[in-house]
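Visitor: Keeping their order, the protein sequence lines are chains A and B.
Residue numbers are given in the working numbering: position 92 of the first sequence equals residue 92, and the series is strictly consecutive.
Just add 408 to the spot in the second sequence (first one is 1) and you have the working numbering.
None of these hints come from the bench; they were simulated from the model.
Please read all numbers here as calculations on a predicted model, not as lab measurements.
Just so you know, not all the hints are guaranteed correct.
Claimed, not checked - Calculated Cβ distances over 12 Å to all of chain B for the following chain A residues:
#1 Arg-48
#2 Pro-95
#3 Asp-309
What the hints assert, rightly or not - According to the in silico footprint, chain A covers these stretches of chain B (three or more CB under 8 Å from chain A):
#4 445-453
#5 523-537
#6 665-671
Said to hold, decoys possible - Listing some non-contacts, in silico: residues in chain A with all C-beta distances to chain B over 10 Å:
#7 Tyr-56
#8 Thr-64
#9 Gly-84
#10 Pro-110
#11 Arg-264
#12 Gln-343
#13 Arg-368
#14 Ser-385
Every residue gets a Cβ at the ideal spot worked out from N, C-alpha and C, and that includes glycine.
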Amino acid sequence: MTSRSLARLVVVTLSALLLLTGCAGKKESAGPKKIVIWMQMDPEERTRFTKNVAAYEKAHPGVTIESVPYDTENLRQQYQTAAGGGAGPQIIFGPSDQVGPLSQLELIKPLDAALPKGFFDRFVPQSLDTLNGHLWAAPDQVGNHLMLVYNKKLVPVPPRTAAEFLATAKTLTHDGSYGFAMNVSEPYWLAPFLTGFGGWVMDDKSIPTLDTQPMRDALAYLADLKNAQGIMPKESDYQIAETLFKEGKAAMIINGPWSWSSYRKAGIDLGVAPIWALPNGNPGRPMTASKGYSINVNVKDAEMATVTDVISYLTSAEAELLDAVSLGVLPSDKRAWMDASIQNDPILKASQAGFDGGKRMPVVPEMRVIWDTMRPGLQKVMNGSQKPADAAKEMQAAAVQQIAGMKH
Amino acid sequence: MLRASRSFPYKLLLPAIVVMLAVVLFPLSYNFWLAFRNMSLYHFRNHQFVGLENFRLILAEPVFYQMLGKSLIWTSVNIIGHVTIGVLLAVLLNGPVKGKTFFRTILILPWAMPQYISALTWRGMFNYEYGAVNLILKQWLHLPPVPWLSDPFWAFVAPIITNLWLGFPFMMVVALGGLTSIPGELYEAADLDGASSWQKFREITVPSLMPVLIPAILLGTIWTFNNTLVVWLVSNGGQPADSTHILVTYIYKVAFTYSRYSYAAAFSVVVFILLLGFVIQVMRQTAAQEKSA
Chain A
1 MTSRSLARLV VVTLSALLLL TGCAGKKESA GPKKIVIWMQ MDPEERTRFT
51 KNVAAYEKAH PGVTIESVPY DTENLRQQYQ TAAGGGAGPQ IIFGPSDQVG
101 PLSQLELIKP LDAALPKGFF DRFVPQSLDT LNGHLWAAPD QVGNHLMLVY
151 NKKLVPVPPR TAAEFLATAK TLTHDGSYGF AMNVSEPYWL APFLTGFGGW
201 VMDDKSIPTL DTQPMRDALA YLADLKNAQG IMPKESDYQI AETLFKEGKA
251 AMIINGPWSW SSYRKAGIDL GVAPIWALPN GNPGRPMTAS KGYSINVNVK
301 DAEMATVTDV ISYLTSAEAE LLDAVSLGVL PSDKRAWMDA SIQNDPILKA
351 SQAGFDGGKR MPVVPEMRVI WDTMRPGLQK VMNGSQKPAD AAKEMQAAAV
401 QQIAGMKH
Chain B
409 MLRASRSFPY KLLLPAIVVM LAVVLFPLSY NFWLAFRNMS LYHFRNHQFV
459 GLENFRLILA EPVFYQMLGK SLIWTSVNII GHVTIGVLLA VLLNGPVKGK
509 TFFRTILILP WAMPQYISAL TWRGMFNYEY GAVNLILKQW LHLPPVPWLS
559 DPFWAFVAPI ITNLWLGFPF MMVVALGGLT SIPGELYEAA DLDGASSWQK
609 FREITVPSLM PVLIPAILLG TIWTFNNTLV VWLVSNGGQP ADSTHILVTY
659 IYKVAFTYSR YSYAAAFSVV VFILLLGFVI QVMRQTAAQE KSA
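Based on the provided sequences and hints, a complete structural model is requested.
Guide: So, in structure tokens, the structure goes:
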């Protein structure tokens with residue numbers, strides 16, 4: 001009798017637990033449709049997203065959209081865990097390079113197969129990334145390209161050559177104010193210089209190409225700007241550069257479209273220009289990328305219509321044009337790209353020029369490893385503890401080793 | 409009737425047991441299982457049994473020994489610091505001090521703050537040009553500023569300072585509890601024998617504190633050894649140049665940046681075995697000491 005009631009209790013407790021854990025994945029079947037989106041967005045971007053979501057929900061009373069913000073790293077990590085366990089949100093929004101690992105892990109659907117035929121026809125071609133023959137994300141913007149951002153009050157005309165840049169930065173460095181500040185601890189900021197000196201991060205077989213003369217030149221050039229020319233703060237990372245610029249204490253910085261609206265809000269007379277021509281005469285060429293929506297591989301067919309509709313709306317010309325000018329992001333929809341409000345805005349026009357001069361960032365999973373293995377060398381060269389040649393050699397060796405480990 | 413009442417405690421414990429099985433035993437066994445497979449970015453759904461391959465890789469790479477050394481330095485410096493500062497403050501607070509409650513509250517504050525907020529605040533304070541630490545060094549002490557976050561040596565010192573600050577209140581509270589339970593007669597008897605303060609501290613306070621301090625040190629060692637948060641946040645993920653990692657932050661990076669799940673699982677099994685060995689050793693020693701006493 002007692003052992004039977006004990007057994008019954010075990011069964012009841014276990015089934016209660018199962019029910020609790022099972023609930024998460026079963027919400028779609030009954031009642032109003034709920035779409036969950038996990039996303040990486042900057043605060044201004046999120047404001048626009050919220051407005052677009054509200055508009056969609058108003059037009060579709062049966063659908064509610066719940067969004068959960070993450071930073072880039074956490075988004076990927078949390079999603080990997082959740083989707084790998086058969087759950088997670090229906091939609092994930094983030095930078096295009098996240099489709100590399102997520103598609104390799106088979107955690108997102110190939111969208112060219114999952115979405116209706118012709119869905120991608122209305123997107124500007126530069127906004128789409130093909131990986132292993134498939135499209136994995138529907139972009140709502142293109143860009144992510146670094147540009148020279150300057151304070152017009154201090155720099156009326158942006159420098160076009162290395163000599164002009166140095167002269168301008170030197171005259172503006174005095175008493176706690178700097179001519180130039182830049183995030184020198186992140187390799188994304190090294191990329192325009194690497195490309196400008198004629199290099200690239202990998203060959204067409206995704207094998208790293210880091211131990212090259214362009215890499216040594218780019219590292220040496222940045223180290224000289226930071227450590228020898230006295231135009232930059234001694235510890236110059238993203239936060240420092242941004243804070244100094246907002247306070248008017250840095251005349252020029254390098255940053256991407258996601259940051260521009262906050263500078264205008266801070267009262268800076270903002271100018272944006274392509275990165276100056278490096279000593280070899282070629283301009284710095286930033287990496288370009290999009291941000292977009294991908295669909296969880298666990299989404300059931302019954303839900304696909306709603307999920308597709310939500311993504312269609314969030315990437316429509318109407319949604320992309322909302323606040324586009326104040327946000328400073330370039331749309332991915334062809335009609336929105338050609339819209340007068342985009343074409344006539346000086347910042348967005350400069351941004352388009354910078355984007356056209358950029359080079360598409362690879363979305364293969366190897367890119368992650370390359371970023372991570374470039375970072376230590378970059379930081380060591382910038383703090384003066386390593387020579388560019390040694391750093392380049394170490395980056396390459398570490399990248400090759402880590403990629404081998406990843407494929408092990 | 410008797411049998412029914414005997415099973416009753418188990419019924420009460422059952423929900424807790426089920427939850428423990430689900431959230432402790434299952435993940436732990438899954439981690440062990442994973443350590444012998446090759447789950448990674450390229451073998452996420454189709455991983456296979458690879459035997460001891462991951463362990464062979466770990467033990468063959470110099471990175472393991474570097475991280476182990478760093479972890480040992482990190483743990484020992486922190487624990488020695490926590491105990492020294494904690495006991496010292498506890499002894500002071502236990503003496504005749506004015507405003508005891510005020511000081512006790514102030515000194516417990518680091519413990520009351522969420523760890524990640526403290527860690528990020530400290531990171532801000534360690535900034536070379538604008539951080540509070542260097543401003544104090546420069547303006548008040550007239551010392552040269554220290555490159556806290558960009559030099560590999562100082563970038564490891566910075567999280568240690570942060571964790572010393574975060575960790576001493578725990579030892580202080582434990583030691584305070586221990587101090588109040590030492591009978592006053594012992595000190596009175598020592599006074600009659602003409603013992604100095606140092607002698608009283610060494611012969612009465614320290615031995616009486618040991619029974620409470622040893623479990624606290626044991627716990628503290630495991631917590632500190634496995635403390636990912638402080639190192640990760642103060643050094644911004646191992647910066648500069650991955651030179652500030654300890655074993656656990658390195659495991660985190662390998663698992664979630666490079667998606668080398670099985671390799672990271674094997675790495676955590678190694679850490680688990682190391683800590684288990686340490687705990688068994690300490691427990692044996694204390695048991696031996698108790699017996700001889």
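Visitor: If a hint holds in the structure, say so; if it doesn't, say that too.
Guide: Structure-based check of each hint:
1. Arg-48: holds, 28 Å
2. Pro-95: holds, 15 Å
3. Asp-309: holds, 29 Å
4. 445-453: holds (count 6)
5. 523-537: holds (count 3)
6. 665-671: holds (count 5)
7. Tyr-56: holds, 33 Å
8. Thr-64: Consistent with the label, Thr-64(A) stays out of reach of chain B, its closest Cβ about 30 Å off (over 10 Å).
9. Gly-84: Since the minimum Cβ distance to chain B is about 7 Å, Gly-84(A) lies within 10 Å and the statement is violated.
10. Pro-110: Per Cβ check, Pro-110(A) is outside 10 Å of chain B; nearest 15 Å; holds.
11. Arg-264: For Arg-264(A), whose nearest Cβ neighbour in chain B is about 24 Å away, the distance exceeds 10 Å, so it holds.
12. Gln-343: holds, 40 Å
13. Arg-368: Given a closest Cβ separation of 7 Å, the condition is violated.
14. Ser-385: Per Cβ check, Ser-385(A) is inside 10 Å of chain B; nearest 7 Å; violated.
When the structure is compared with the earlier hints, violations turn up for hints 9, 13 and 14 and for no others.
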